[in-house]
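Novice: Per the numbering used here, the very first residue in the sequence shown carries number 1; after that it's consecutive.
Errors might be hidden in some of the hints.
Dumping the calculated DSS-like pairs for lysine-lysine here, alpha-carbon to alpha-carbon at most 25 Å [what the hints assert, rightly or not]:
hint, residue 1, residue 2
1, K133, K114
2, K10, K125
3, K81, K70
4, K133, K10
5, K142, K125
6, K125, K114
7, K114, K70
8, K133, K80
9, K80, K70
10, K10, K70
11, K10, K142
12, K114, K142
Computed beta-carbon distance windows for the label pairs [said to hold, decoys possible]:
hint, residue 1, residue 2, range
13, N47, Y147, 37 to 43 Å
14, L29, D146, 35 to 41 Å
15, S95, A128, 18 to 24 Å
16, R148, H126, 17 to 23 Å
17, S111, K70, 20 to 26 Å
18, K88, D146, 35 to 41 Å
19, K125, D67, 26 to 32 Å
20, R44, K88, 32 to 38 Å
21, S41, R148, 20 to 26 Å
22, D67, G144, 22 to 28 Å
23, L96, L29, 29 to 35 Å
24, Q68, L29, 16 to 22 Å
Derived from the structure by calculation, the hints contain no laboratory data.
All residues carry an ideal CB built from backbone N, CA and C; glycine is no exception.
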Amino acid sequence: MEHMPHTLTKLFTHLIFATGDRRYYLQNLDLRSRAHEYLASALRGMNCGQAVVGGVSDHVHLLFDLDQNKSLSEVVREIKKASTRWIKQQDGGLSLFHWQEGYAAFSVSASNVKTTTAYILNQEKHHAEFDWKTELNTLYEKYGIDYRHE
């Protein structure tokens, strides 16, 4: 029987987290766009490839291939820490900026990466129709998570 000489992974993760107290810290479209670019770059810097970032003024969605040498909690902790520091340095009086403590994360099959990417990049349109509670409750139901935002 032939052995596998390498460790190979492809673990696509859809990560969602909100701004602290769900404040509209990312309401400025230019800042939001730059923050999304920063988050994608930070993920790539942690060897989490194929990074896609989107969102609205009070939360972000990230899709990436989790590096085989990092835990999800490590990536979340590092990306929140680095992006908080970066956002606080931007114009516009964001010295109080922070992310919420928790997050939601879901595995994404390779066959669903394109659909999930489109979903993430169309957050503005999506949230014109649904609020964040409806969005998360729909995702929880889809992934079999027994939790509901009321």
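Novice: For every hint, state whether the structure bears it out.
Specialist: Evaluated hints:
1. K133 with K114: holds (24 Å)
2. K10 with K125: violated (29 Å)
3. K81 with K70: Given that 25 Å is the threshold and the Cα spacing comes to 16 Å, the pair holds.
4. K133 with K10: violated (30 Å)
5. K142 with K125: holds (20 Å)
6. K125 with K114: holds (17 Å)
7. K114 with K70: holds (24 Å)
8. K133 with K80: holds (22 Å)
9. K80 with K70: holds (15 Å)
10. K10 with K70: holds (13 Å)
11. K10 with K142: holds (21 Å)
12. K114 with K142: holds (17 Å)
13. N47 with Y147: 37 to 43 Å: Once the Cβ atoms are compared, 31 Å apart, the range 37 to 43 Å for Y147 and N47 is violated.
14. L29 with D146: 35 to 41 Å: Holds: the Cβ-Cβ distance is about 36 Å, inside 35 to 41 Å.
15. S95 with A128: 18 to 24 Å: violated (30 Å)
16. R148 with H126: 17 to 23 Å: For H126 against R148, whose Cβ atoms are near 19 Å apart, the range 17 to 23 Å holds.
17. S111 with K70: 20 to 26 Å: holds (24 Å)
18. K88 with D146: 35 to 41 Å: holds (36 Å)
19. K125 with D67: 26 to 32 Å: Holds, at about 31 Å.
20. R44 with K88: 32 to 38 Å: violated (22 Å)
21. S41 with R148: 20 to 26 Å: violated (34 Å)
22. D67 with G144: 22 to 28 Å: 26 Å Cβ-Cβ, so the 22 to 28 Å window holds.
23. L96 with L29: 29 to 35 Å: Between L96 and L29, where Cβ atoms are some 20 Å apart, the hint is violated.
24. Q68 with L29: 16 to 22 Å: violated (35 Å)
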